[in-house]
Every structure is written in structure tokens, then in C-alpha cells.
Amino acid sequence: MSTAAAEDPGWLRIHPRTVLVTALVTAGVAAGAAVPAVVALSGRFGYPLAIGWALAGAVLLIGGAAAGDYVRWRRTRYRVGAGQFDLRTGLLLAKRRSLARERIRSVDLTAHPLLRVLGLVTVRIGTGEHTGGESTLELDPVSRAEGERLRRELLDRTAVEAPGTHREGELAALDPRWIRYAPVSFVAPMLGGAAVGGVLQISEWAGAQGEVIAWVTDRFRDTPLLWTITALAVVALAAGIVGALGLWVEMWWNYRLEREPGGTLRVRRGLFTSRSLSVEERRLRGVDLVEPLGVRLFGAARVDAITTGLAKDEQAQGADHDTLLPVVPRPLADTIAAEVLREPAAPTGAPLTAHPRSARGRRLRRALAAVLLPVLAMALLGALLTPVLLWTALVCAVVFLPLAVLSAVDAYRSLGHTVSGDYLVTRSGSLRRSTAALQRTGVIGWTVKQSRFQRRAGLLSVTATTAAGGGAYTAYDTDASEGLAFAAEAVPGLMEPFLERS
Amino acid sequence: MTKGEGTIRLRPPRNRLDPRAAGWWRTQWLLLTAAPVAVLGLAGAFIAPARTWLLASAAGLAAAGLLCAVLLPLWWFRTHRWEVTDDAVYVRTGFFLQEWRIAPMSRIQTVDTVRGPLEQLFGLATVTVTTASAKGAVRIEGLAHGVAAELAERLTRITQGTPGDAT
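Just so you know, the sequences run in chain order G and E. Heads up, the first sequence stops at 502 in our numbering, and the numbers go up one at a time, no gaps. Heads up, the second sequence stops at 167 in our numbering, and the numbers go up one at a time, no gaps.
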């Protein structure tokens, strides 16, 4: 348990087991480094001496790291005051940082497997300031009970009960059937590629890359090239799918989305590394229903939070940091979105205003240009230099033209926007279709863009800027008049004085 | 169309920039072109085998830069406009890609006035208004010093009177 510091009441220490954690982690690193070192040194000194040297080095390394962490433990104190949260750190330079408690917007608890075994968690306290890098404080680590206490205490606001009958407690829990969407995400082919790359890389370290390639070519000696490629791709994809399933289990095991008293949403998940993310509802500005292409083909979607002040540091696991709900069937995603927003029906499911046909023309022209320009360049070179390029150009055109046209038409069909209740909704994207429902009160400005081409086609793009999430949500290529009417309706009074109606 | 009434357009903001802005943009274009043209020209003077190519590209670049320096400031000066009401800052920029930005007074977080070295020469300043959105900043370039100072002072006064953390 955290012990009160001697000099000052109220000041607490982080958990002393941190020294053990550091020592163990360093030991792992040292072991990883020692094996190749022993192999390399044994050639010159013989095994006993090499192992002796490696051991001595490891002991020095582990001892140094543990001592350093011990000093860090000694010098780190924190305090939950009436109005602020204080943290004192610093080995040589004493550093003291305070956060006003009302500005604390998120408290995340994470624990990697080692921390979990030892009953510890890392607490990350975020204010969500966009300016400067020092917007989060980290307590690494404290005991699990202390972490829970901090989370409750720091996010405990005098509960302003929002009107509406929306329930507290569990909003969603993991359904193991959701795993069927894991293989169709973009993760699978990426992991497949990474697996192939990994095999080649490791074999290169072992000096056996040539042998691996020879072994593979040997297997396929009598098979035509096309089949070889297909078979290898299938193997890589299978590896990717296995990886995607594993990753999904690691990320989403024990998933629960809860609403806690006092208006906080909390996501808990993770098999080995358990993560806990808390978002104050008063910082929530909307939700983003994301449908990557593969997932969308199977009628599923995931829900991200649009919120001000999520911890935005590099350690956070990037893309999934603001995800409220993993990929689930679309109707369920809409239900949970409504539940999260305390709305009777999800604004993300509202019927959208389609964009004019000329927006489709723009997408088609862009897609054709993206395919035809390289193809023409290739054909030109082919005509001048070698006929092989001519054939390549032909194949490229045949393969990519239909794909480009399909994706352009799909991108056009994805476009839409509307005002639904207290939310403005914009949708766009083909590979990653995103339907963002943003609170109208969360809009803090407008940007309207119109290129010469858009002007000729009677289109423009309307962007609502906001302090939350991506910072801006755009309705691309709306009808010129209708898009402005949409913006004027979404936030009454802001754009109106600058409009001319005729 | 939701309203079913005639067309709606954004009207141009009321104020033009200082006329010296055209000269400032022109100088920027000339300086921007002069550097690579000089490098190419020098290279052409010393490297005999590639002389024709180097000098030709230098000439092409110089012509393009001159064209930009002559035409763009004329067009920009016509399209760049700004306006500050009691409720919002409203700016229009761009010629090929026209852009209108509106930031409400109640959401403004900072007001910065910047005078670059070149702007100093022309007696101009840039006022940047930021909101809590990473993508919502509004810049008014090419204001006369006096106008910029007065504008910044007015914006600061209005925004200070508005409570809340502007998110």
C-alpha cells in the first residue's frame, strides 16, 4: 500500500513494488541481450568466461536500473488536494506539477501482464489540453485499489443528472460472437505481410535467409508461377487472420462499457494488458460510427467517442484509444450510440440528405485520372522503350479501372449530411466510412471551401470545427445553397449574418 | 434542398486588406523564385555539360514565378476580405480554392499579432485568432499596423467578457 510521506500529511507515494517491476523488466531485456552476446564472445574467450562476463553485465544493468527506480520511487509523491492534484517528481531537478481538479477530464488505468500479476496499475490523468505536451500526469505504478480510488475520487463530480431515462450501469458487454468481424478488418492482411517480413528478417539474422527462400522455391518447383503466388498469398493471409483473431482477443477480452454515477462512461477491456478508460459525459461531444470497408460489407460498425480532452500522448495505443464499442452488427452499434448519447434514437441512424449528382462526377473523374495518368505514362514509355510496359499498362488498366469506378460510386453513395435533433451528422469515405454525429453546441466555427471546379459544378464543402475528436467534421461536396442552409440550421445565428438569400 | 427557397450564398466580408498587401505578396513570390533560380543559374554557369538544361529550367522557373508574382496578388487582393462583428470573425481567402472561415467570439481562445521582417517593411501585420479546435484558426494577413493593433485590442476586449473555457 502507498505509505504517507513522513514530512507532509496527504502526500502519498507510488507503490514500492515498482522497483521489483523495473528489475524484472530489465532482467528480461538483459537476458535478451545476453544470449547473442554470449554466442559472440564465446568464440574468443570460451563459454565459461563469456557467460561470466554476460552475467556480470546483467547484474550491473539490473542493479543500476533497480537503484535508479528506487530513487525515483523515493522522490515521487502525489496528493489529492481539495482543489488540485499535485505530483512531485525529479531525480536531480525537483519537479512539481499541479492540475486543477475540475480540469481533469480522463483517468485511465492500464496494467501490462507483469503489473497485473503484482496487483498494480498505471494511472494516467489527462486534462486534454491541446497546447504543449505536458497534458497528462502518470503514476507508474500504484496498487489496483489505490488506482480505483483515484479514478473515483478524481472524476467524482456533484452529479448533475441529465434528463432522460437512460440507464446507468452496464451499457454493453462482450459478445464472443463479435470475433467473426476480426478477420475482415484491415489488420489481417497487414499482419500477414508482417508475418512474411518477420520470417525473412529473423532468417536473415540467423544467416539463413537464402536457405528459407531456397526451401520455398523447392516446394514449388513444379508449380506454375501464378499458383505459387496464390498459395503464398493464401498462407500469408491465413497467418494474418490467426493474428487478427489473437489480437482481437487480447484487445477486447472482458470488454465492458458502463455508465457510472456522476456521469462518467467507462470502458474496460484487455486480456493480458487490461485497460480502463473513463470519459466524462460532459466532455462528450458526439460519437463517430466507423465502418471500414471489409467490416461494412458484413453490415457491422464500431463506435468511437468524439470527446474533448482524451489523453493524447504517444504511449496511448493510438487508434483504439477513443473506441467505445468494438466492431459489432450495425443495429447494435446504433443502439449503443443512442444509449451513450442519452438519446431515444441514434442520430447516426438518421436518414441523410444525399449530395448532388455532380459530386459523383467529381469522384469518377478523380478516380479515372488516378488510374489513367500512370497508365498513360507507362504506355508512352512502353511505346518508346519496350513493349513489356505496354502490356503492364493494359493489365493495370483492366484491373484497376473497374475498382476505381466502384470505389468512386461507393464514395459518392456514402456522402450525406443532416441535422437530427441536437446533432449534426456528416458521413463520408469509402475505405473507411465514418458517420459522425456531433452535438450542435459543440461546433465552434465553420470553414467553407470551394475550388474553381466545385464552383462550376455548384458544390462546396462545409466543415464544422470543434474542440473534440478530430477537430473538424466535413460534409464534402454538398449542393452550394443547401450546404450553407445546413450549416445555418445546425448552429442558429452563427452563419446567418453572413448569408445572402435570393 | 431543405428550405425550398431560392439560392443561398455567403456574402463577401466587408473590409479589404491594406493595398500594400499586394506588394508584400509580390515580394514574397519574387524572393521565393529568386532563390532556386539563382542556384540553377549558378550551377548552369559552372557545369558546362548540363548548361542548356539547367539554364532552361531556371528560365522556366523564373517565368512561372514572375507570372505568379504579377497575377496572384491582383486576384488575391480582390478576394481576400475580412470582417469582425460583435459575434464573430469572418474571413475569405484564396482564389483557386476559395475559403470562408467563421469563428464565433464566444469560442475564441487567443489573439496573436505577428509582424514578420518582410511585413515590417511594408508596414503590415497578421492577426491570428485561434479557437479550441486544432483546425479552426482564422488568419487575417496583410493588415496595416494600426488596424491590426486596434483589431487585436478589440478582439481581446470582447473575448475577455465572455465566460467559459471555449470548448
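Since the hints were made in silico from the structure, they are not lab data. All C-beta atoms, glycine included, are put in the ideal place defined by N, C-alpha and C. Mixed in with the good hints there might be a few duds.
Now the in silico label distances, taken between C-beta atoms and shown as ranges [said to hold, decoys possible]:
(1) E150/E / G493/G: 50 to 56 Å
(2) Q84/G / V114/E: 45 to 51 Å
(3) R20/E / V399/G: 54 to 60 Å
(4) V114/E / V242/G: 50 to 56 Å
(5) A34/E / A67/G: 44 to 50 Å
Quiz item: Does the hinted range 44 to 50 Å hold for A34/E and A67/G at CB?
Solution: 59 Å, violated
Exercise. Determine whether the Cβ-Cβ distance between V114/E and V242/G falls within the hinted range of 50 to 56 Å.
Key: Given about 55 Å between the Cβ atoms, the range holds.
Self-check item: Pairwise beta carbon distance, E150/E to G493/G, judged against the given window 50 to 56 Å
Solution: 26 Å, violated
Quiz item: For the pair Q84/G and V114/E, does the Cβ-Cβ distance stay inside 45 to 51 Å?
Solution: 34 Å, violated
Quiz item: Would you say the C-beta atoms of R20/E and V399/G sit inside 54 to 60 Å of each other?
Solution: Taking Cβ atoms as reference, R20/E and V399/G lie about 55 Å apart, which means the hint holds.
Going down the numbered hints, you'll see the structure goes against 1, 2, 5, while the others check out.
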